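Colleague: Listed here are the chains, written in short residue letters.
There are 2 protein chains.
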Amino acid sequence: MVAFHHLGWRKPAIRILDRPSVFLAGAVSALLLLWGCFFFSTLDSIPFFSRSKSGLCNCNQPNPAFNLQFDPPVSTFYDDPSFGYTVDKRITNWDQKRRTWLGLHPSFEPRSHERVFIVTGSRSTPCKSPTGDHFLLRFYRNKVDYCRIHGYDIFYNNVLLDPKMPSCWAKIPAVRAAMLAHPEAEWIWWLDEDAAFTDMEYKLPLQRYKDYNFIVHGWPKEVYVKKSWLGLNAGSFLIRNCQWSLDLLDSWADMGPRSPNFDKWAGILMNEFKHESDDQTALAYLLLKEHQQWGTKRMHIETGYYLEGYWVLIVDTLKNITERYLEIETTTGMLRRRHAEKVSERYGVLREPSLKDAGNEFGSWRRPFVTHFAGCQPCNGKHNPLFTGKRCRDAMNIALNFADNQVLRNYGFVHRNLSDSSVVSPLPFDYPA
Amino acid sequence: MVAFHHLGWRKPAIRILDRPSVFLAGAVSALLLLWGCFFFSTLDSIPFFSRSKSGLCNCNQPNPAFNLQFDPPVSTFYDDPSFGYTVDKRITNWDQKRRTWLGLHPSFEPRSHERVFIVTGSRSTPCKSPTGDHFLLRFYRNKVDYCRIHGYDIFYNNVLLDPKMPSCWAKIPAVRAAMLAHPEAEWIWWLDEDAAFTDMEYKLPLQRYKDYNFIVHGWPKEVYVKKSWLGLNAGSFLIRNCQWSLDLLDSWADMGPRSPNFDKWAGILMNEFKHESDDQTALAYLLLKEHQQWGTKRMHIETGYYLEGYWVLIVDTLKNITERYLEIETTTGMLRRRHAEKVSERYGVLREPSLKDAGNEFGSWRRPFVTHFAGCQPCNGKHNPLFTGKRCRDAMNIALNFADNQVLRNYGFVHRNLSDSSVVSPLPFDYPA
Chain A
199 MVAFHHLGWR KPAIRILDRP SVFLAGAVSA LLLLWGCFFF STLDSIPFFS
249 RSKSGLCNCN QPNPAFNLQF DPPVSTFYDD PSFGYTVDKR ITNWDQKRRT
299 WLGLHPSFEP RSHERVFIVT GSRSTPCKSP TGDHFLLRFY RNKVDYCRIH
349 GYDIFYNNVL LDPKMPSCWA KIPAVRAAML AHPEAEWIWW LDEDAAFTDM
399 EYKLPLQRYK DYNFIVHGWP KEVYVKKSWL GLNAGSFLIR NCQWSLDLLD
449 SWADMGPRSP NFDKWAGILM NEFKHESDDQ TALAYLLLKE HQQWGTKRMH
499 IETGYYLEGY WVLIVDTLKN ITERYLEIET TTGMLRRRHA EKVSERYGVL
549 REPSLKDAGN EFGSWRRPFV THFAGCQPCN GKHNPLFTGK RCRDAMNIAL
599 NFADNQVLRN YGFVHRNLSD SSVVSPLPFD YPA
Chain B
199 MVAFHHLGWR KPAIRILDRP SVFLAGAVSA LLLLWGCFFF STLDSIPFFS
249 RSKSGLCNCN QPNPAFNLQF DPPVSTFYDD PSFGYTVDKR ITNWDQKRRT
299 WLGLHPSFEP RSHERVFIVT GSRSTPCKSP TGDHFLLRFY RNKVDYCRIH
349 GYDIFYNNVL LDPKMPSCWA KIPAVRAAML AHPEAEWIWW LDEDAAFTDM
399 EYKLPLQRYK DYNFIVHGWP KEVYVKKSWL GLNAGSFLIR NCQWSLDLLD
449 SWADMGPRSP NFDKWAGILM NEFKHESDDQ TALAYLLLKE HQQWGTKRMH
499 IETGYYLEGY WVLIVDTLKN ITERYLEIET TTGMLRRRHA EKVSERYGVL
549 REPSLKDAGN EFGSWRRPFV THFAGCQPCN GKHNPLFTGK RCRDAMNIAL
599 NFADNQVLRN YGFVHRNLSD SSVVSPLPFD YPA
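Protein sequences appear in the order of chains A and B.
Counting with my numbering, you get residues 199 to 631 for the letters of the first sequence.
Counting with my numbering, you get residues 199 to 631 for the letters of the second sequence.
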């Protein structure tokens, strides 16, 4: 740039018109300089030059959220021959590997700390119970509805990824593979095939979990004091996509049938929990051991809301809950407002103040978040003899229709009778006023 | 700008250093002018000034894609008492209503012209065939997999929204309700319960459809000349979310069982197409009538790729297609590269040059886009007597596993045997080299 000191204050005002060519040269130079800065700053978007996050991005560019067509030819953990998806392939330094991947894929970085990926699944063969697959389809549809409303992704696994980890243990390899296939996800949420969302608006309180890596629903006293394998339920858990979690999954799998230590652990579990080895008892053991040790706790037993709710305590309350919610809506106009399904979260936020006295979980009149039909075994039909198959099927119908009503509302319809899955009625304007 | 003509060619080269202040003034003026242009163009991003698409946005803002919690208290069509979701509630001016909604929800505007929403569904009651629901679950899982890879949303409808439009007609009220519940979507894509994606990478060539509002797969000559109701297949169609389409759905529904004109139309369809009234024959009639009229055509019969492919022509080719693709991958390193599932589209783009001689549809070795098991009736089991139930089930297994392999690859596994749905093997590094 030209130095100014020689101009002094003694010169009269600049007379641009005396030298229009000089003026123009100045203008052009400035523009050239600016363009040069812009050009070099956009080199980041060219794969070979990409090393850091992009800052501003144009919303009118393809896919302002995720760039699904961008995978730079820069090595990541995927290119490491020693990396593998199976349980036997130990992984180290996963936190750094994920961070590097996110750094190379900047379109996935915004809000990545809240990103949830749901994994569910069932056997690969048809259910033995005649209505089994029908209910599995409805439970899956319910989960997909929840994901669509909240912008989550979901994967349904129906193959045995590790033949030595069948049955209840099969979720471990599935969750692990999902973590590795989805480095953009911060949380993996396992949900059993027979768990349904019964509050389509409720969201995981992730801000409460910043110090935890594993959350499961249960009763701490039952696990830590009474050592009951029923003190928690492994049908629904959140696991953070990090090295600590991969190590936990390794420890958990080590207690399972693929492990040479299976018999040893079976003995320990019988001793501590008076129960045979299964994924849930093993998990209870892992929780207990962490609880008993000094140091930071990364596993949390949630008691504040139905991350997993036992259907027997829930289903008979759904009719009353429906009426309470309708009552609220009768007096709160904004909650009756029709809207695009995509902005449903807004109405969840608007509804919260009306629910401040609702409580949560057993005894409350808040919609239960997740209702789990533990013991019903809709697929093989071998339900807990405490209840009949018909009781289970009727209850599943009620819960699934209760949930479906929250979805169908956005399409203009409702099941007037929670027990009738087939019949729906169109909703009048300003329902339920 | 200062005119140059007075400079002439007789002047010597510009001597900037003679007038540094003029040069600087030129530079500063250019920058001020540029900044001014930028400022006024970004006024769009300030709500009170927003009347058009937002330009730049910061990717690090909360939820750069969709703001799910924003629904301003400004009237839209949802707040109009005369607006309704049912087929009998005629809607007018839908294009303007959608545009207004998008304008009020700017986070949904970017790329809205490409946004696809898939609708599928089945009956509300369990299938009569013992394996029916099992296959429906797998077909649904397949569709959800495709959506997850491409960022589409999907809705599975399993209630009868209009009791007077049962069976094959039930898709019309479902598609219509989806259009109204999803003003953010430009295209609604109806897919039958027994249609599967068999090319997980292929994308709809939407750029070819800018002049069309309705696309279905078929053979123009069969429809327009031979007047065959089999000249198209209503099991897969794209319909643009616009007023023209709502009017088309009204015309289509008018030919159906809810309409007082049903008998009249049944007579006309029998006369023209020699076939009883159903949704497909009615659609063929609508295509024929548009074709015969003068003026702009908005309906298109796609012949270039399997928007819907008949399984009988496809299933026996899948083994060979698998081998051809593996051959290509053996010689093209980038296609063997493991990656996050979320960036799979990138590898679809990379694969295209290798497929330039593959052709498309019958006789090609390109993966078929959508394979439809028309005639198999997996739910009620009343298959076309041309083939056996076992032939259908075996074929569905092969196609679903063929598709599943493309998904499972991202989780590190493969079905080595396309006929075996249960067994998968871990993939070695650099497979299939």
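Simulated from the structure, these hints should not be mistaken for laboratory data.
Keep in mind that this is a model prediction, so the values were computed, not measured.
Some hints could be false.
Since the list can't tell identical chains apart, any single copy or any two copies may satisfy a pair.
Computed cross-link-like contacts, PhoX-like style, restricted to lysine-lysine with a CA-CA straight-line distance of at most 25 Å [as the list claims (entries may be wrong)]:
id, residue 1, residue 2
1, K326, K588
2, K408, K326
3, K487, K472
4, K580, K408
5, K472, K425
6, K462, K424
7, K419, K588
8, K326, K580
9, K408, K362
10, K425, K495
Colleague: Which of the listed hints are not met by the structure?
Modeller: Going through the list in order, the structure violates hints 2, 4, 7 and 9 and respects the others.
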